[in-house]
Structures are given as structure tokens and as C-alpha cells.
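Work out the full structure, taking the sequences as your base and the hints as a guide.
Protein chains in written order, with the numbering used here: chain A, 5 to 813; chain B, 538 to 742; chain C, 240 to 528; chain D, 16 to 210.
A portion of the hints provided could be inaccurate.
Said to hold, decoys possible - Simulated restraints, written as ranges between beta carbons of each label pair:
id, chain 1, residue 1, chain 2, residue 2, range
1, A, Val683, C, Arg327, 24 to 34 angstroms
2, D, Pro97, A, Thr164, 47 to 57 angstroms
3, C, Glu427, A, Lys588, 28 to 38 angstroms
4, C, Val514, B, Thr722, 24 to 34 angstroms
5, A, Ala120, D, Pro97, 54 to 64 angstroms
6, D, Thr162, A, Glu272, 46 to 56 angstroms
7, B, Ile616, C, Leu497, 25 to 35 angstroms
8, A, Gly635, D, Ser140, 45 to 55 angstroms
9, D, Glu143, A, Ser481, 19 to 29 angstroms
These are computed hints drawn from the structure, not numbers from a lab.
Every value quoted in this text rests on a predicted model; they were computed, and no experiment measured them.
The beta carbon of each residue, even a glycine, is placed where N, CA and C say it ideally should be.
Residue-level listing of the chains:
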Amino acid sequence: MTNHWVDIKNADFILIMGGNAAEAHPCGFKWVTEAKANRKATLAVVDPRFTRSAAVADFYAPIRPGSDIAFLGGVINYLLSHDLIHHDYVKAYTNAPYLVREDFTFDDGIFSGYNADKRSYDRESWNYQIGADGYVMVDPTMQDPRCVYQLMKQHYSRYTPEMVTQVCGTPTADFLKVAEMIGATATPDKVMTIMYALGWTQHTVGSQNIRAMAMIQLLLGNIGRPGGGVNALRGHANVQGITDMCLYSDVLPGYLGAPTDADAVREEYLAKKSLKPLRPNQMSYWQNFPKFHTSLMKSWYGNAATAENGFCYDWLPKKDAPYDVLHIFELMHQGKMNGFLCQGFNPLAAVSCVKKVRESLAKLKYLVVMDPLATETSEFWQDYGEYNEVDPAQVQTEVFRLPATCFAEDTGSFTNSGRVLQWHWAAAEPPGETRSDLDIVAGIFTRLRELYQKEGGAFPDPVLNLAWAYSTPLTPSPEEVAKEFNGKAIADVTDPKDPTKVLAKAGEQLATFAHLRDDGSTSCGNWLYCGAWSQAGNLMARRDTADPSGLGFYPAWGFSWPANRRVLYNRANADPAGKPWDPKRKTIAWDGTKWSGFDVPDMAPNAAPEQDVGPFIMHPDGVGHLFALKGMAEGPFPEHYEPFETPLATNPMHPKNPLATRNPAARIFKGDEADLGTVDKFPYVATTYRLTEHQHYWTKNVLSSAIVQPAQFIEMDETLAKEKGIANGDVVKVSSHRGYVRATAVVTRRLKPLTVDGKTVHTVGVPIHWGFVGVAKQGFLANRLTPYVGDANSQTPEYKAFLVNIEKA
Amino acid sequence: MSQLIKRYTSKERSNHWVVAIAFILAGLSGLALFHPAFFFLAHLFGGGPWTRILHPFIGVLMFLSFMVLAGRFWSLNRITPADREWRKRIKDVLCNRDRGLPEVGKYNAGQKYLFWVMVICVPLLLLSGFFIWQPWFAPIFPVGVIRIAVVVHALAAWIMILGIVVHVYAAIWVKGTIRAMTRGTVTEAWAKHHHRAWYRQMTGK
Amino acid sequence: MALQSLDIKARSATTTPTPQARGAIPVAKLIDISKCIGCKACQVACMQWNDLRDEVGDNVGVYDNPADLTAQSWTVMRFSEVEVEQGRLEWLIRKDGCMHCADPGCLKACPAPGAIVQYANGIVDFHEEHCIGCGYCVTGCPFDIPRISKKDSKAYKCTLCSDRVAVGLEPACVKTCPTGAIVFGSKEDMIHHAEGRIADLKERGYANAGLYDPAGVGGTHVMYVLQHADQPQLYADLPKDPHISPLVALWKGVTKPLMSLGIGVAVLAGFFHYVTAGPKEVEEENETD
Amino acid sequence: MQVTRRQFFRICAAGVGSSSLAALGFAPGEALAGVRAFKLARASETRSTCPYCSVSCGLLVYSLGDKAKNAKSEIIHIEGDPDHPVNRGTLCPKGAGLLDLVHSENRLKYPEVRAPSSKEWKRISWDEAFDRIAKHMKADRDKNFITTNDQGVTVNRWNTTGLLASSAASNETGYLTVKVARGLGIVALDTQARI
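Now the structure itself:
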């Protein structure tokens, strides 16, 4: 979320699309009902299903799963053609006036630079025209045909309301009504917010779904403003924190791009990551990358990390492949992995195509599962009849199952979707011999370290020298670890402008990432979290309920990264002169000498408006990107592509170019193509989703959740049910090319057949929460049905749109 | 002393007293559930829940034993023209002006009417009771049916209790009657006075 | 935590009034159906607070689970898909449970003294230790709420968390409600709050929005804001004009004293007949002629 | 459960006994009407955060005992923290039922191992678990660690053992895990957050 939960109450219009906030985030959704009740805000829901969110919406429009970009592209076209954009904002805070290279093209669904064999683009042409001064060329009038604004206008001119209806199945009047509601917030005194979640991410065009909406919000001038922003409603308690800690291969903690085989030399690697400003006076905050990176290495390797050895740069593993979860299981499936550690993750249930995941796990030598609960993954080798047909005798994997504490029995911090870190305390001892995750990680690591100390082995240096100065090495306390990732001064840190001024004395906890240095005088495990545990103590544990602005920022409740900032890009809440667009919703403003107000400025505090420092300080050009440059795998403008399993023969937007039917850069492994189904055998679109009564695959172990939603079911529209002779409550079998599930039919008016590209498309709903372990009724893992394909950028599997057949069982 | 005449066999007497005891228990427990003023009676049965548990079983016992009794006396309780004549003179009966009353068989009209009231009320109680019998049968029926049943049950019970009050009082009032049900015999004089036709039949006089 | 009898307004099977000198502020729970997302948090909060766990049931083709109120489920969500305006689907979700009537039919029907009490603040509470399991409360209730437990044959229903309210807290379902669809306070405040909600709904095109506080049962301490107050039956058969069944009113009304009186009169009539007319004795000499 | 016929007769027999006692005047005394005792009156209250979705609602966790030396805390109730700016005391159906997660019958309580081809779990000690896991890991790392790639670039990676991290673990756990994973050279690292 660029904004945060309570801030939703400041919105005038709320769009829920690609998510179902009422169902998945009821307590956050309360701020929607507050906005409705207290601000007279309106709520619109666009979803394949009439959801619980739709139940309390002012307007609902149906849409075919996997066609969101067509809809959003239609909105962009509507805004541009009706001139419903926030002109001053767009001109000053986005790259709309910037000129794009002449060799950037778009031809019938394919951008310039495509390599069909590699299924990827050479993105060189997706860039700005750079002037002689080294800066991007700009046309402030936005008339140049190569400026982003004109290119965008041209690109989306194809997304007419009729085209939206043809692709999405949304009735034109419904589409226009939503577009009109969105367009009404183009004025400075109206702000809209978007709440989305996995309904957008879990597509092969997932990242571009979100980009399309980000573009709309930029056009409307809604980013950086209270009640606005682009708000991803994240699914797990600490998805945000674990993402920030970067427990994935692409990045190191704090989103520091991880080195790859191409990054042989440290200096070149750091230089590449330190993006130089593309416009005058821009902050281009990634210029500080070397400070963050060096401090991280000091945190990890302590005294072993010296300037001489490049702060142990070479000790860091370099990656040669993406190593996302789909790739990991692909490698496992190929027999290229021997061991696997699962920490509070149930991949057999959670990853697409259960069959492939089960086969992969069976090829391992050892599997270690750490979890508070018995999971399907830990029992993948066990015969559960039809639910998990396997012969244990044939499975050679040695499986360890280590009992972990749950939230109520351990202490530590979670980062919520609004980026607020909050500390929690253990309320009781854990059951049996259960240990905390920290203790388990420490237990395994210290045992390994002992072995390396005793026996030596492959490259033992990083193992032996990993900083482990915890008071009891076997049980590092959460407090010690939190202080470590916050960072401290190793030597006195002085003000670069005045070396006599000591900002932090040696040994002190650091208060801000502005104090990080690249000379090894500071350590910090995650620059974004710097300040969370300063000399002032544990700021994550703060509980001050004061809200001076009345906008719901609660600045002294917990700690919000970065720098306790509650709304990102909040400079954009004010006009170029530094005056808030809407005085009633002021976060920060220029007071003549500095930026001040109710939030921590997302801006150099003394940068006067005349200096023209852009509000998007992480970008080298300082502005929001309507044109994504090289940032996206499949193109700088979102384009509609069909899901990998589409009910249509072609992409209605590119009927003559088969290359552009599906996302040309999306992830698919060899062999998995054969597992895709076609519309002749699997004529119905299926989509998987959560229900409010359950949380992913945990709560089938929870009695109260099992009572209020006990058994698996399948939702379908009345017409389809009639065609298939299915009555409400019948047992039905839903099958894809990869597997089947059998469950009770819920025949409902909340799903409606849609007319798409001249044919009737039925959507079948598949709630996900059941499995073969739990106190709820046993069921089939929903991911038996889903395809093993991933988004081009995030590699998130396409859980939300695939093909199935359905019959009465 | 006049001679004794056999009025009830031991089986008939036992049967009657089973019905009577069941009636008293059902009546007391029923009253406990009927009006708060009688709730103290629940203590006789071990408290409220026990009263609720026992009452329907006692009721069933009463029904079954009464059905046997009714079978025994069914034919003797047919209403005859003489009964109507007797009924017209009910004031004389009540005022003990018994001379000149029509001759009465084994039962007089009052007794017969009471019999038929019982024959209607007891099955009605069983039937309505069945609908409200917790926890066995009541959950099967819709609440509308149960609401009718409770009213019918209460009304039938009330009528029956009134009838039995009359029945018991008549036994006390008409001296020499109780021994018919305790010892099985009545005096010839009693029989001759109250049930002359029956007396003739029994004695041939 | 015994309450003094002074805090009790009415007590089942008790023929004299309870002490009434002290008053209490009437409380109410207001359920705004237009804000309800049917998440069932209230159901779970209820089972958690009251230490109830129903059986794990099955899906029967609807979202309603458990399918009905039981002795272990004191509140359930009832989902209705309706089209009041042709082509505009509405998913009306009603939290069902005890309405805490001002004139409670259950209390009226109950034969067990003290098994049902109505507190001065309006809460109607069942005291299972006094309950005899007769099920009369079921017949008395116009909303079909009380359920007799199969385990112990006692009647159960929502207590409006009388234990929480007694220490100054709101009921568990109210506290947990994520969207603020359930609110709690003095009945007066709740009516005022409802007026604001109804005005908002009318602005949004629900011309018939209104408050459900049915007069037939003397008003309730659980009220609904309905988008279509003219058609409460749309909301899973919420009764349009609930009142205690006339049969129950008859049975637990006039018949109770009249019939008791009748029995008393009959006994007395016999007694006086005996002392005035005297016994009917047979004089043997009279019979021997 | 319904009373069986046999039980019923037993109850009846007991009833005859008790009803005659009652008749003699041993009537049960009548209890005063009163509400249920407030069950949290002296329970310990601990602030916590809901582990489910990323709204991260504030919780009040109530446990039995006042944390005295001899009292073992047992969590008896969980409800929303009214001070928390986001949830303000509210909880969704999952959060409201957290007690049933804490006490789930499917909670794991001891380290276990399932041997190759086996059909069952065997309980082991933590020591044994750590020993065996560390040996597995070391054997694999020593055998498959890649110091340099084909071009001779130092890469120091170990890509034959993977790690999937929870998105419900604390930041502290996440940090320590990523530190250890990278320290060992693991690159096949991903999180639930992706999906």
C-alpha cells in the first residue's frame, strides 16, 4: 500500500477490483464503510463474482477473469478522450511530457525488441531520448508525438467502450458508469483509492494489471495524497515484512538488487545500482545504494567485512537464474535439488499444479518442514486416498517436521500492509517441545557451523564468519535481532557538511538511514527498517493513539517504513508550489523554509519547490512513470493478453497475431505447455479465491473456522447449472487438464454468464481452503486444477483464470 | 345390616386405581407446569426437569390404563332414554330429593356423561401431549402445531380435572359409594336406592 | 456475580412484580444490514466468548453455516439473493438471533420460575440452571429463536452477553464486527444512529430504508436498519409484524388464572353442597319396603 | 446426544428416589438470578498482532494465571485491541477464532522424522533433529557448492538445497533466516509472499 488502512476513510471514491477486501480484509474494509458513512464516499466493485464487497457497494460491474487490462485500458482511454485528468499533476509529477526513443514501437500486440525463441524482449528501445546535457528530453506542451502522453493516448485509443465489452463481457453501460465514477476524481478536491489484491497479481499479466491502475491514479493525480494511492492488500500477516526482508532470490534486504553472475566486480555492481539522476536536481535516492549495501554486509559479517576484501562481496552467492518458487519446483522436478527447507509454508497446497509439486517433493533427499501445524506438505508422502494418492513405500524423501511456535507464543514484529511495523509479545509458553522459528534457524545454523569448524568443507568462510554475537547463540532474542537489522554506528558517524558534528556515536543504534555510510562505519541489516529501534528504544512497540491531523496517520503508533512515513510520495499531496491540492487533506506543505506538516516528508526537507525536485524520489527522473521504461518484462504500456488458458480462440485485440494471444514474455516451462487445456475440452473459465471465513490453508485446522464454513464447494451460475442438470447442493466434479476436485455445488445468481467476443462465457468459482489435513471436512486441494505458468515479472502463478469442465459427480 | 352386592371385581378395582393414581400424578405435575402458583408441586417429582420428564410418561400410563378401563365399561355407559329423564331431574338429585327418580342401571346419567368426557379428553391429552413432548417428539413439529397443541392440552386437562372433581365429590357425597372401589361391594340398600335397575338385575328381586 | 433482584424487570413464572424501584438505561444492539458483509465474525466471537462450539457441518449449497440456530450457535448469518429492482442483484445478509423483545414471548410462556429473566436494561436472559426443558419458550417466541439442547434438554439463546454488559462492556459480536454493522449503546442513541444511517441510505436510492423495531412485541432491544423496511420478509423471512401468537397469549394469558379459578370453584362448590345439602345417605328402612 | 432407552430407565429409577426425597421436604434451594461471572476478571492481558492477513489487527490475548512462578499460562481468550488504530477492537471471523488456532488439535508438539519409504512419523529429540538436518545440509553443500562459474567468475552459490520462507513469520525470523540462507550460499530462496 502506498497509503495505509485508516487512510481509506479519506477517499471520495473507492474502487475494489482485483480483490475482495470485504471478504479477505474485513477489518481494513471498515475504513471503506467509514468513508461511505462519514464522507459520503461511493464504492464500486468490478469482479467476476458478486462478492461480499459487492454486497455493500453502490455499484457492481461484472468482468471476465483475466481481462482487467482491457477494462483499465478502456478507463485510460475514457479519461484521455474526455480529458478527465489532473493536468497540473500529470505535467509536473509524471513522465507524460518526456520524450521516448524513436525506435520504440508497438505493432499488433508486440513491442519493439521481441525475441520469440527466448520469449523475452530486448528492452533497449524502451527508453527516453537523452539530450546533450545527459538529461531526458521534455516537451512541456505534451504535443510532441514522441512524448509519453501522446504515445499513451495513441496506445489506448484502441480500448473503446465497445472493445471493453467485447473483451471483458462487461455491459457497456456498466463500464461507462465505472469510468465516469473514476473520472469524477480527476479534480484536485476529489481523491479515489484502489484496493486490489491477488485478483490482479495472480495472472500472467499480473504486474501489468497493477501498472495500468497506477497509471490511472497518476492521471487522476491521486498518488501521494490522503485517500488515494495504489493499495495492494497483502494476504499474510507479514507478507510486507518478509518481502522487505527480501526472502527471495532477486534482492537482498531492503530491495537491494542481488548480484548475478554478471556482477563479477563489486564496484561495477554498486555503480550499476546507484542510479544517476535523469533530470536536474533529482534525488534519485538509489544513489545511496553503496551505503545500504555496505552496511548490510557489516551486519552480516561484522569485523570480517573490511574495505580490503570488498566487505565480503564475493561471499554473497551470485544467482544465475530466477529461483522463484515455480523455478525451484521445476528444478526439483528435474531432479536438480536434493534438499528443501519449508518454513511456515505449505507449497503442496499453495503452489499451482499439485501433481507437479508432489512429484517434485518425492525427488528430494531430505525435506525439513517447520510449522506450528500439520501441513499437507509435511504429509505429501502419505496416502490419503483420492485426496492424495501416493504409495509411501515409493517415496524416498526423508522428512523432518519441526514444531514452531505461533504468534501468541513468540515475541517480535510484523509489518502490515500499510508498512507499519508493530511489536507483539508472547502471551504464554508454547505447547509441548515447540520452539520459536528463531531458535530453529539458530539451532540448525549453529550445528552446521560446528560441523564446519570441526570438519571443514566447501567454502566455510561465510559460515564460520557469519556475525553471531547473540548473547545465547542457540536462542537469539528477537530484541537482539531487531536491533541488528535497525543498524548501529561502528565508528562515530559525522555530518558530511560539518565533520565536527557527531550524528551517532560509535556503538549507538542509528535513528535513520540517512546516517548510513559506505565506508564500513555503520552496520544495518535492512536500511528501510533503520530507525525502528533507535537510541530512543523500540519504536515498533509504540502505542500512542494520538492523531493530530485527524486523517488517521497515528504517527507515534509503531514505526512506519521508510523513516516513519505514513503516506509514500506525500510531496505529491501538494501542488508544484508546495500548497496542498486539497487544504482539508493536508499531509505536508512547504512553509517557506522547509516541508512540514503531519507526516514525514517524502522529500529532502529543505528542497524548496523552485528546485523542482520530483516527488518520486526513488526514480532517477523524480516523476511517476506512465511509461514504464525498461521496468516491465512485457512492455512499457500494459496491453491486454489472454490468460494462458483462454476461452477464446484469439486475443480480440490482436485477432491476427497469434504471438500476441498470450503474454509473450510470461513464464512457462517446457513440458508444462502440454498440461494446458483447451476450450473444446474445458469450456468454462475457472477462478480460485478465498472466503472470509478462512485464511489460506491454515484455518482448516481451526475449529471455529471449520464450523462457520465447513466444507469445500464450487460456485456456478444458474444457466450453467441448468444446462448441466446440476441442482444446488449436488456434488460436482470440476476438472482441468491437470486434475480434478469434487465438491458441493453452490448455484447462485451472484455469478452470471457473460457475452465475450460473441460467445457465452461461464465462470466457475473454486474457493481454495480445503485439503486432506485439518478439522474441517476433508477436501481436494484447489491447486490440483491450476496451471504451472507465471507472470512475466513476478512469476506469480495464474491462479485466477484457467479452463475447466464441470459435471455432476 | 343389609346384604352386600358385588359391584367391582378386583381387576376392575385395580384398573381404576391405576388410572386414578396416574391421573393424580399427571394432574399434579401438569398443574406445576401450568401455573406458577402450582410450581411448588414440581418438588413432589424431584424438581422442574423431573416433572417435565415424568409427566408425559405418567400421562401415557394413564391413557393406557384408562383405555382398558373404558373397554371394560364401554357398553354399560350407553345413554338411554331413562338417562335423559334422570338428567332432567338433576336438581332433585342434587337436593337429595331422590324419590320418584327414574330407575337407574349400573350407572346413572351423570356417571355416564363423565365417562364419555373422559373418553374424549384422555386421548386428546395423549395426542396433544405427543406434539409437545420434549425432547423426543416436539422438535419434529412446526411451532404452529405445537402452539395449538399446548392450548388443546391445557383445555382438555382442565375439563378432565373438573370432571374428576365432580367424580370424587360424588363418591364422597353419596355415602356408601367408596367401598365399591375399595372393597368391591355395596350394600343392597345402596344398590336398591341408587341403581335400582342394576339391583334388580343382580338380585333378581 | 448474582444480580440483585432490583435489577430485574420480569422473571418467568412469577406472578407478582419484581422490585421496580431502581431503573437502568435501556440498551440496544443495532444491526445495520446495509453495512453487513456477512463475514460471520459475530458468529465466531459469540462462540468464543460464550465457550460454544457447534458441530462441523456440511455445505448444503449455501453460505449459511451452521445452517440454523442451535443450542451451540446463538447467532447465524442468513444470506438472501434478491432482485428488488429488476436486474439489480442484492445480497441481503441478516444476522439472526434473539431480538430481546420488550414483551418477550419466551418469558411469557416459560413455566419455570426464574428460568427466563428480563433485566431492567432490556436484556432477556435464560438461566439454564432453572430451565426444565419443556420447550414452551420456543412456542412463545415470534422469531423462532430458542433452541433446546440435545445434550442437556435446556433452552439456549443469545444473552446479549449479559455478563459483558454487566461489567460495562459491549457484547462480543458488537465488539468484533469489522465494518461497524453492529453497534451497541443506549436504545435512544441507537435509534438516533439508525436515523442517520437511514437518511444516508435514502440518499443512495433506498427510498424504503427504515428501522425495524417492531411494536407488536413492544419494541426490541436488537434492531435492524433495513434497506427495504417495507419488505422485511426479503431478509430470510424476518416477520413483518411479529407478535406473540394469540394461542400462546390465550394459553398463558386469561386461561391460566381462569382455569385455576374454575378448579378451585369446583372444589368449593362440592364443599358447600356437602355442608348445605348434606350427604346422600341411604336409610335402610326406607329401602326395605 | 440423546438419552438412550436404557439410560432413560436408569434416570427414571433415580427419579423415583429423588422425587420421594423431594416429597419429604428436601427440595432444591432456588438460586438467585444472576449473569455469568465475567471470565476475564483477573486473567493476564498481553498485546499481540493477528497473524493472518496484513491488516495486522491488534489483539488482546488473555491467559489464565497472573504469571506467578508456579502458574503455567494458558491462553483462554483472544479479542481485538480497542486502542489499535486500524482494527479498533474489531476482528474478522478468522481473527475472532484465533484461540482455536492456538489450541488446534493439529498443532505440532514434538520434532518428528519420517524415514524414506516409511508410512509413519517417529518422534525424535531436538538434538537428533538438528544433528541429522545439519548433516544432510552439509553433505549436500559440500558436494554441490559452486565456487566459480564457467567464465571463472566467483559465484559462491549452493543451489541444490532450497528454502521457502513463511510470510507469517516475524521480521526478526525473516532477517535471521535470510542472513543464514545467504551466508550458506543458498540462492533457491523464495517466500509465500510471491504467491
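Check each numbered hint against the structure and report the violated ones by number, ascending. 6
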